[in-house]
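Undergrad: Protein sequence lines, in the order shown, are assigned to chains A and B.
Heads up, the first sequence is in the working numbering, so the first residue is 662 and it goes up one at a time.
Heads up, the second sequence is in the working numbering, so the first residue is 662 and it goes up one at a time.
The hints are simulated quantities; they were obtained by calculation from the structure and are not laboratory data.
Where hints are given, some of them may not hold.
Said to hold, decoys possible - Residues from chain B that face chain A, not an exhaustive set, calculated with beta carbons under 7 Å:
| # | residue |
| --- | --- |
| 1 | P677 |
| 2 | R706 |
| 3 | P761 |
To be verified - Computed Cβ-Cβ distance ranges for the label pairs, DEER-style:
| # | chain 1 | residue 1 | chain 2 | residue 2 | range |
| --- | --- | --- | --- | --- | --- |
| 4 | A | R802 | B | H691 | 34 to 42 Å |
| 5 | A | G690 | B | H691 | 49 to 57 Å |
| 6 | B | S788 | A | G690 | 54 to 62 Å |
| 7 | B | H691 | A | E945 | 29 to 37 Å |
| 8 | A | E945 | B | D894 | 39 to 47 Å |
| 9 | A | R802 | B | S711 | 55 to 63 Å |
| 10 | B | A757 | A | K745 | 25 to 33 Å |
Each residue gets a CB set at the ideal place from its N, CA and C atoms; glycine is no exception.
Protein chains: 2
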Amino acid sequence: MITLTMLGTSALLPIPGRALASVFLECGGHGILFDCGEGTQSAARAAGVSLMRMDLLALTHYHGDHIFGIPGLLQTMHSMNRTKPLILTGPAGLEAQMRPILQLAGSLSFDLSLMPMPEAGRFLSESLEGARLTAFPTEHRVPSQGYCFELERKGRFQPDKADALGIPRKLWGQLQKGETVVCEGQTYSPSQVMGEKRKGLRVVFSGDTTCCKSLTEAAKGSDLLILEGTYGDSADAQLATERGHMTFAMAAETAKAAGARKLWLTHFSQRLEEPDSYLPFAAEIFPETVVCKDGMQMTLSFDPDAEKSGQGCTKE
Amino acid sequence: MITLTMLGTSALLPIPGRALASVFLECGGHGILFDCGEGTQSAARAAGVSLMRMDLLALTHYHGDHIFGIPGLLQTMHSMNRTKPLILTGPAGLEAQMRPILQLAGSLSFDLSLMPMPEAGRFLSESLEGARLTAFPTEHRVPSQGYCFELERKGRFQPDKADALGIPRKLWGQLQKGETVVCEGQTYSPSQVMGEKRKGLRVVFSGDTTCCKSLTEAAKGSDLLILEGTYGDSADAQLATERGHMTFAMAAETAKAAGARKLWLTHFSQRLEEPDSYLPFAAEIFPETVVCKDGMQMTLSFDPDAEKSGQGCTKE
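Please work from the sequences and hints to get the whole structure.
TA: What follows is the structure, given as C-alpha cells:
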C-alpha cells in the first residue's frame with residue numbers, strides 16, 4: 662500500500678491556500694518527501710501527515726521554490742528531538758547546493774547524509790522490503806531528475822506445491838514471508854512454493870520538466886503519474902517548452918504515451934487562479950487526469966485480481 | 662499615519678493559520694518588515710499587503726523562525742523585477758548570518774545593502790520625512806535587538822504670526838511644508854510661523870526577549886507596543902525567563918511600567934492552542950492588551966487634540 666499526499670501545488674511562490682509543489686509518499690511506516698519549498702512543513706500539518714516518519718528527502722532540482730523549506734523542516738525535526746537518520750538526495754551538485762541550507766539549519770539531533778542516487782535508492786530498499794526508488798533525468802533549465810517508486814508484489818503461495826513437497830504446515834508462514842527454513846535436516850526455500858511475482862505498484866514524480874523521452878520512458882505503466890503542469894492553456898506550449906515546463910496538454914500527452922493509469926497535475930503558475938478550470942485541456946487527451954489541490958490524498962493498493970488484469974487498484 | 666499588519670503570530674514553527682512572527686509597518690508609501698520567518702510572503706498576501714513597498718527589513722535576531730523566509734522573499738521580489746533598493750539590518754553578526762541566506766537567494770534585480778543600525782535608521786529618515794527608526798538591545802539567548810519607530814508631528818501653523826510678519830498668503834503653503842521661501846528680497850523660514858512640535862507617534866517591537874530595562878525604557882510612551890508572549894500561563898514565568906522569552910503577564914507588566922497606550926501580543930508557542938484564552942493573564946495587569954491573530958491590522962493617526970491630551974489616537 663502506498664499513500665501519496667499532495668502537500669502543495671504552487672510554482673515559484675507560495676500563495677494562500679497553495680503551498681509550493683511537494684509530495685509526500687508513505688509506505689510501510691517509511692516516508693519519502695519529494696521536494697521541500699517554503700511552507701512544506703505547514704502544509705503537511707494542514708494535511709494531517711507527519712514528516713517525522715520520513716526517511717528520505719528526494720529533490721528534483723535546486724530552484725528555491727523546491728528547497729527553501731528545508732532549513733525550517735530540519736530545525737523542526739531537531740526541536741522535536743528526532744533521532745532517526747535522514748537521507749537527502751538530488752541531482753548533480755547536491756553537496757554544493759545543500760551547503761548554505763545545512764549551514765542555516767545548524768546542528769541537528771539526528772544524522773543527515775547527503776547521498777546521490779542511486780545510492781540513496783539502494784539504502785531505501787534495504788529498510789523497506791520490496792521497495793525500489795530510482796531517478797531518471799528530466800529536462801529543466803538546471804540539472805534535474807524525476808523519481809520512480811516501485812513496490813513489488815510477491816507471487817502467490819501455492820499450497821498444493823507445498824503439500825506435494827511434504828513441507829510441514831508450521832513452516833508455511835515463514836516461507837510466505839520470504840524466509841528460507843531448515844527443519845529436520847531439510848532446507849526449504851520460498852522459491853519452491855511461491856508463484857511468479859505479480860504486478861506491483863509504480864508511482865512516478867516528474868518535478869519541473871518539459872516533455873522528454875526519459876520521462877515518458879520512466880512513466881510507462883505507472884499507476885500514478887505526478888507531473889508538473891505549470892501552464893494550463895495549450896497556447897502557452899512554446900513558453901512552457903522554452904522554460905523547461907509543461908502545459909496541461911503536454912503532461913496529458915506524456916501520460917497517454919506512457920500508458921499511465923492516472924495523472925495528477927501540480928506546480929501551477931500563480932497566473933492560474935483556478936487551475937481546475939484548465940482541466941479540459943488535459944482531460945480530452947488523458948481522461949484520468951486530476952488537477953490537484955493542496956492536501957489531496959490517494960492510497961494505492963495491490964489489486965487482488967492483479968494476476969488477471971495486470972493492473973493495480975487505486976482509491977481516492 | 663502608520664499602518665501595522667501582524668503577518669504571523671507563531672513561535673518556532675509555522676502552523677496552519679499561524680505564520681511565524683513578523684510585522685509589517687507602512688508609513689507614507691514606505692515599508693519596514695520586522696523579521697521574516699518561513700511563510701511571511703504568503704502571510705502578507707493573505708493579509709492583502711504588498712511587501713514590494715518595503716524599504717527595510719529589520720531583523721531582531723537570527724534564529725531560523727525569524728529569518729528563513731528571506732531567501733524566498735528576495736527571489737519573489739527578483740521575479741517581479743523589483744528595482745527599488747532594499748536595506749537589511751539586524752544586530753551584531755549581520756554579514757555572517759546573512760551569507761548563506763544571500764547565497765540561496767542568488768543574483769537579484771535590485772540592490773540589497775546590509776547596513777547595521779543606526780546607519781539603516783538614518784538612511785530611512787532621509788527617505789521618509791519625520792520618521793526615525795532606532796534599535797535597542799533586548800535579552801534573548803543570542804544577540805538581539807528591538808526597534809522603535811517614531812513619526813514626529815510638526816507644530817501648528819500660526820496664521821496670526823504670519824500676518825503680523827506680513828508674509829504674503831501665497832507663501833503660507835510652502836512654509837507649512839517646512840520650506841524656507843525667498844520673496845521680493847525677503848527670506849521667510851518655517852520657524853517664524855510654526856508652533857512647537859506636537860506629540861507624534863511611537864511604535865515599539867520587541868522581537869524575542871525576556872523582560873529587561875532597555876525594553877521598558879524604549880517602550881516608554883509608545884502608542885503601540887508589540888511584545889512577544891511566547892508563554893500564556895504565568896506559571897511558565899521561570900521557563901520563559903530562562904529561555905529569554907516572556908509570559909503574557911511579563912509582557913503586560915512591561916507595557917504598564919512603560920505607560921504604553923496599547924499592547925499587542927504575538928510569537929505564541931504552539932503549545933498555546935488558543936492564545937486568546939490566556940488574555941486574562943495580561944489584561945488584569947494591562948487592560949489594553951490584544952492577543953493578536955494573523956492578519957490583524959491597525960492604523961495609528963495623529964490625534965487632532967494631541968496638544969491638549971498628549972496622546973495619539975488609534976483605530977483598529
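Undergrad: Of the numbered hints stated earlier in the document, which are not met by this structure?
TA: Violated hints (numbers, rising): 7, 8 and 9; every other hint is consistent with the structure.
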